[in-house]
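Undergrad: Next come the chains, spelled out residue by residue.
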Amino acid sequence: MPKTRVGVFVCHCGNNIGGVVRVPDVVEYARTLPNVTYAEDNLYTCSEEGLSSIKDQIAKEGLNRIVVASCTPRTHEPLFKKACEEAGLNKYLFEFVNIREHCSWVHMHDPAMATQKAKELVRMGVAKAVHLEPQEEFESDVFPAALVIGGGVAGMSAALALANQGIQVHLVEREQELGGLIRGVQTLFPTEQDTDELLRPLAERVKAHPQISVFLGSEVESVSGFIGDFDVSVRTDGEVEGLRVGTIVVATGAEELKPVGLYRYGELPNVVTQLEFEEQFKSGGDVPRSVAIINCVGARIPQRTYCGRFCCATAIKNAIWMMERDPEARVYVLHRDVMAYGVEIEEFYQRAMELGVRFLRYDVESPPEVLGEDRAKAVKVQHQLMGKEVTLPVDMVVLTTPLVARDDNGKLSKMLKVPLGSEGFFLEAHLKLRPIEFSTDGVYVCGAARYPSNIPESVSQAYAAAAKASIPIREGLVRVEAITAVCDERTCSACGNCVEACPFGAVELQQGRFGRTAYVNTALCKGCGCCVAACPSGAMQQRGFSDRQVLSMIGALAEVMTGGVE
Amino acid sequence: METQSVLVIGGGIAGIQASIDLANMGFEVYLVEETPSIGGRMAQLDKTFPTNDCAMCILAPKMIECAGHERVHLLTYCDVVELDGTAGDFRVTVRRKPRYVDVEKCTGCGDCAQKCPRRVPDEFNVGLAKRKAAYLPFPQAVPRKMTIDAQSCLYLTKGRCRVCEETCQAGAIDFEQQEELVELEVGAIVLATGFDPFDPGSLKEYGYGGIDNVITGLEYERLICASGPTGGHLKRPSDGQVPRVIAFIQCVGSRDVNYQPYCSSVCCMHATKEAILANEHYPELKSFIFYTDMRAVGKQFQEYIIRAREEYGVGYIRSRPGKITENEETGNPVVWYDETIYSDAGDPERRVASMEVDLVVLCQALVPHSVHAETAEKLGLILDGSGFVSIGDRLFRPVDTSVPGIFACGFCQGPQDIPDSVIQASAAAARVAEILAKKSKELEHA
Amino acid sequence: MQDKLQEVVRKLLAEGAVEYFIGYCQSSQPHRAVPCFVSDESEVEKLVWGPLCGQNLSKYVLRANELEGKVGILLKGCDTRAIVELIKQHQIERDKIVAIGVPCQGQVDGRKLEKALGVSLEQVTNVEDAGDGFLVTVGEETKKVPKEEVLLDKCFRCKHPYAFPYDVTLGEVVPFTIEADVGEYAAVEELEALPIEERRAFWRKQFERCIRCNACREACYACYCKECLFDRKMPRWLAAPPLLSENEMYHLIRAVHLAGRCIDCGECQRVCPVNIPLGSLYRKIQKDVAELFDYEAGMEMDTVPPLVNFELDDQDPFL
Amino acid sequence: MVSSSDSLGNGFEPKILVFACNWCSYAGADLAGVSRLQMPPNCRVVRVMCSARVRPEFVITALSKGLDGVLVLGCHPGDCHYSEGNYFTRRRGLLLRKLLEYVGIEPERFQVRWVSASEGAKFAETVERVTEQIRALGPNRPRSEVLPTEPGDK
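Heads up: the protein sequence lines correspond to chains A, B, C and D, in order. Going letter by letter, the first sequence gives residues 1 to 566 in the numbering used here. Going letter by letter, the second sequence gives residues 1 to 446 in the numbering used here. Going letter by letter, the third sequence gives residues 1 to 319 in the numbering used here. Going letter by letter, the fourth sequence gives residues 1 to 154 in the numbering used here.
Hints may contain errors.
Said to hold, decoys possible - So, partial list: chain C residues that the calculated Cβ filter (under 8 Å) puts toward chain D:
#, residue
1, Q26
2, V44
3, V48
4, L244
5, V304
6, P306
7, V308
Keep in mind the hints are simulated off the structure, nothing from the lab. The beta-carbon is built from N, C-alpha and C at its ideal position, and this holds for glycine as well.
Could you build all of it, start to finish, from the sequences and the hints given here?
TA: Structure representation (structure tokens):
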């Protein structure tokens, strides 16, 4: 192993650093540090001159560690690492010292102390640099096929979006035909087009697509592996087929809540859910003249706190449908808040009112009551605005219920090692910025499996999931920055702390050459170091942030206080 | 897979996400942003619902990732002037406005801004603070390059000063800089021009502009933000006092035939978040939210409302105030509204009530971004009645505009929150990949 | 009890159910019982059971990992907590062990006994359990010493998993109870009550004496790491000479490593040649782990260790 | 020997080691710099990807090696870039604080704080406060007590 030769480059940043910190002193000091064989200052180390000087000195002085003392690594590190690489030095042999944001800019009135601090920071940086090691970034191939679980609108859209990029897609649907939940729906918000007219061509395009293989009446039985290389077995009536895919999209949808016990549902024949209402009239049949629609049935209550998101729109859609068929009809919508968010739903809401749909707000404390012996004959409700109790004669009561998570989500979530939220829907990596990804790479979610969403929203999510699922396949490999954890199998005692501590399920105990030890799946490791800190023996380490490197920084600082060093 | 190019217009969270996804898919991306930095509206937010995590904490890494991506080419302080061609080969002319700063040399140190004598209202802090004519729009700006604003620079307007030039050690100031036109050839375009806050001044009854202590949601956002003009200390305009009672008024200009008929979708949650933040900063503080319908329809939103009610004592009043007046002595706004009271018999009755508070926050409507209409026109896009990009097939092509090869995501195609914008951004990327894949196939066959 | 033990072990060996058995036998000095390994029926009568068997034998079961077959081991209730942790921490498979549970009525602390008798242990020829006290024979005379005077500290807070799945028990194994007016963490609370500078002084005095012989580590059932952090060369955490600062570091780091692992077996303190009250250090860790994270080592088989686990509503003084 | 105190000969100046997570707290520290918030020069920031990387052994070592204080900074709970890391940090912090206090090391010498990317001011205030607290306490241990050797592998 060649002698360690550290080169230190201290930046004036114009007078941003130089105006406070005595840069030449820092350079002088750097020259006295162990293993430092070269040091210089630059007006701007990030300028062309600065960068080429780094490259020249790597060649001339045979430097094999580079320390730059300037601004923040969060913006400039890539620049300097690139320069090292261009000079043929592994970019992980570079260390950044921040003497601008963390020094000159915050100690502007104390040049002496600022200079002293800059020296110590450089000392710490050099101490770490000495222990830096060249790293190879982990790369693994991605098998060029994707699995889509669920053949509803979301699943079909995701499959097409992937296949149209030329990616091989396996689409697994539990039912005997494609279409999912909305097969029962007669018209779709907001276009009010007939569902079958929309669904059939979509399903045909999927079935006919050369890049898509459709598995009907099938279920995913097991999944193993990780991003780029999943092994999936799919069971189709008895037969099990093994598939190999690089990424997976979950589009298993959800189901309508059947509100047994609420508003005498299940007891009276003419008390039905929205879906049952649509199924009933899809095939024709007389539409009752007087209907009460009750919203938020089984939703936004202590037992089920969430809002069904689009069920208000569904209620409005069906109310309009009835009014348009029979302007004489009396349609009441009993609601709590009308969730007519955005442009279209609000328009819809206004139109319904113009058409004469009567919207009555009820209070969750005093909910409506369904009256009648063997059939629902009337609905009694406390009218909020009129401030009195009214009784509405009706021929039918339609209950608007939210979508609920499928019971077997749990099974799938274990298989895929992805979490479920409290409501039983799949839980994304980040509610805000990673809404259709999981912390486990290579698996994505869209549609009602994630949360109730209408068709346009589900389709958007499906495309988004397709985009994410296509990226590793298009790149052909997954690449991971070499700050990942690595376990020294010779000294690991397999206590399992690391396994518990890893947020990404990247660490497992495995039987290996040295018996049972921890093993890091680099493809899944995100380089947080949770597992490293949890390892009592120090067998687990993090590239670029090893105990050795951090300790040497601590020691370097301690030395300043205790050792006779200047 | 041969590389093709894509133009993304708008550097907010939607544009950033679309650019990152497209670049990761292997496309060369040109991201055009009219202001000097990417980041958009999200950068102005303090925290975000329903997780309350700090907007900058989650946005900054995305901005850096985007700008640092080898296949993303940032064109900040630029706008689109002309477009022709069709899906697969558009030709776009982009105008680069002069920054009067050589970005190659500029280190973003800010010396020029410190020395610059000219102070003007700071857009990033919606006018609540001043910036210099030579400026960085906000501390985490990407790219970290200074800009000299020609409208206010003394030298450029009055022909004297040039202090920045003497100050800049890097010699980056360049008053010779001219506007340049950049010609791009791209296969597809993603529009993500976002929103502007609607100016509630036109709703005279709410007294915005007249009553000091009536402010807008975005102003409030900057006041409560740790990196805002008051360092996160909530000071009301009239006397810098910390308010004890705040009223948030919803649907200001939204769901209103005289202004915007549509629902802006995010304000209910936004107001709830602001009320929670106020209470977190000052536990004694009490907030009331005057609303029409509490439209909390997203994941974990209802739970957020419940927390606001139960943990932070936020009061929700279902009523649309008729007017806001000012108490002359105290400078306190007085909110006039209908309330429902219940008689002993439990019979409700509506009557006019008033509430004197220390501060009123108007949760104004959000409207399509001002220059968005021109841009749309240049691109030949059809807009809907409210000025949003209209979508041909709402159901199955939710990000396709009326022009093939041009896609729209985020607020410019309809009111939506950050998660939905991020989703649409990725969706747009997927559509681009589809049509360009088809295109390249056709080329092969040809 | 002892006969029953020998009978059971004889049977296990005869059937080849275990390759050897880990128990106690009389040492050369009558006042001590020491660990012994019995692999042949002929040696079985060496096995003893009595009030001098305070030592925790659990660490020895780790040897079973090198064996084809199983090992048998005699377990007091308190020792089973170590076994539970060793299984949780993947150091041994439950089915490698044949666990023989022994009802325990408390164990003698040699140092306390010396004090109580005022004579050196060497002169003690026999100790027997007599319910509320121990019958101790010195020379010709046998006298009864009340238990509360001579029990090991841990016996005053005897607790162990009721549900531990012994393979055989020599009678009903339940926690031993004794009237004692000392709180569970008395020693710790005493120190906590001192002004901070006195605490510093106290511990400095203790750590100053440490000669870093590593006996505490060697005796600790939880110190099973293939390579101890302190033995690593790259990086070397501790400088060689036993300086106060380095000793302090040694003991504090050990304390952290034992969070959620220490089961209060007292071996470290027993073996310490310079009598550092290590018990008081590790009891502190146990107290805090219990109070902060509601976790006790070795009590349940399916709980996650406290420092690699969290609750969203853990206390948070760090805002 | 140069400890900052001797270099300027004006009384005791503590040396404080700061660990800051890359995503929130280090960004917060940068923001403090960009905003030119002036603060005492006693802190030395070490960047880690996540506060959960900071093993308690680092804190103990730093204090044993003679540093006067250690400050660990991470994202606010809920904001962790790795979703769970800072929850581990929180537990370790709780436990270690009590242990150090128990052996007589003032709790001010080891502190954990949550600093977000937009809390430049909070970073500055924290540095200010912690420095004052530790300055008031005086040196952690007599310099003579500590070996003048860098841990590592010499």
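Undergrad: Look at each hint and say if it fits the structure.
TA: Hint-by-hint comparison with the structure:
1. Q26: violated (40 Å)
2. V44: This interface hint is violated because 45 Å lies over the 8 Å limit.
3. V48: Violated, about 39 Å.
4. L244: Holds. Min distance 6 Å.
5. V304: violated (11 Å)
6. P306: holds (7 Å)
7. V308: Because about 7 Å separates V308(C) from the closest Cβ in chain D, which is inside the 8 Å limit, the hint holds.
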